[in-house]
Each structure stands twice: as C-alpha cells, then as structure tokens.
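Note that numbering that gives the first Met the number 0 has the sequence shown beginning at 0, numbered continuously upward.
Simulated from the structure, these hints should not be mistaken for laboratory data. Even glycine gets a Cβ: it sits at the ideal position worked out from N, Cα and C. Any given hint could be a false lead.
Said to hold, decoys possible - Taking CB as the label site, the calculated pair distances span:
| id | residue 1 | residue 2 | range |
| --- | --- | --- | --- |
| 1 | A98 | G25 | 17 to 27 angstroms |
| 2 | P88 | F48 | 32 to 42 angstroms |
| 3 | P88 | S24 | 15 to 25 angstroms |
| 4 | G74 | P13 | 10 to 20 angstroms |
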Amino acid sequence: MNRPIIPRRSVRKPVSMAVQCRTQSGLRDSGEIFDISAEGCCLQLAGLFLKVGARLILRPSGLEAFSGVVRWISGDFAGIEFDRPMYGPVVDHLALQHAARIEYRRA
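Put together the whole structure using the sequences plus the hints.
What follows is the structure in structure tokens.
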C-alpha cells in the first residue's frame, strides 16, 4: 500500500542537542536531537529500542521537558511528533544556539 506524501508544516532546522529521554514505562536513555521543527524532531538513541506509537518525554539540556510520540524509526534514529507545537521563535533560537557543525573532509 502506498502512502501519500504529505508536505511538512514547518522547515526542519539542523541542530546538535543533547537530550535525556524517558518512556511511559520509565526507561531512560541519553541521545541527541539532529533536527528540529515546531512540530517535531529527529532523535538518535543508543540504548532504547522504540516502537512507532511509543510515547516519550524529552528533556534537552537546559530546557523544560516536553512530550511526543514516535512516528517513524530507522536504525537508531526516530522521528518524534511533539504533543504541542513549539513556538516558532523558540525553535529559531534553539537552531542558532545548537547549530549542527558539518565537518568537511578532504579526499
């Protein structure tokens, strides 16, 4: 069955943010947020095995916790949809403060 492609509501912004995660059952893990938008983020966790539909509490370093649900998984990466969208200027501020550094390697 083919799913229709639905355009994103907001632009993803590349970041590199440390995050603590907790599942509804109380399991915890550290990870990293790689991109963020008002509606969600891409998260990498090393130790937790997540399922699509799982609920998470995310606590990025220095921020209040917020909740979301796993919408997709690919390896140790997961797409999280926030329960409540973030305020756009907050996302912009986080993107500036935690801009992903891209390293270029010479061949």
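Okay, the hints, checked on the actual structure:
1. A98 / G25: 17 to 27 angstroms: Since the Cβ atoms of A98 and G25 sit about 33 angstroms apart, the hinted range of 17 to 27 angstroms is violated.
2. P88 / F48: 32 to 42 angstroms: About 35 angstroms separates the Cβ atoms of P88 and F48, which means 32 to 42 angstroms holds.
3. P88 / S24: 15 to 25 angstroms: violated, 34 angstroms
4. G74 / P13: 10 to 20 angstroms: holds, 18 angstroms
In this structure, the hints that do not hold are numbers 1, 3, in rising order.
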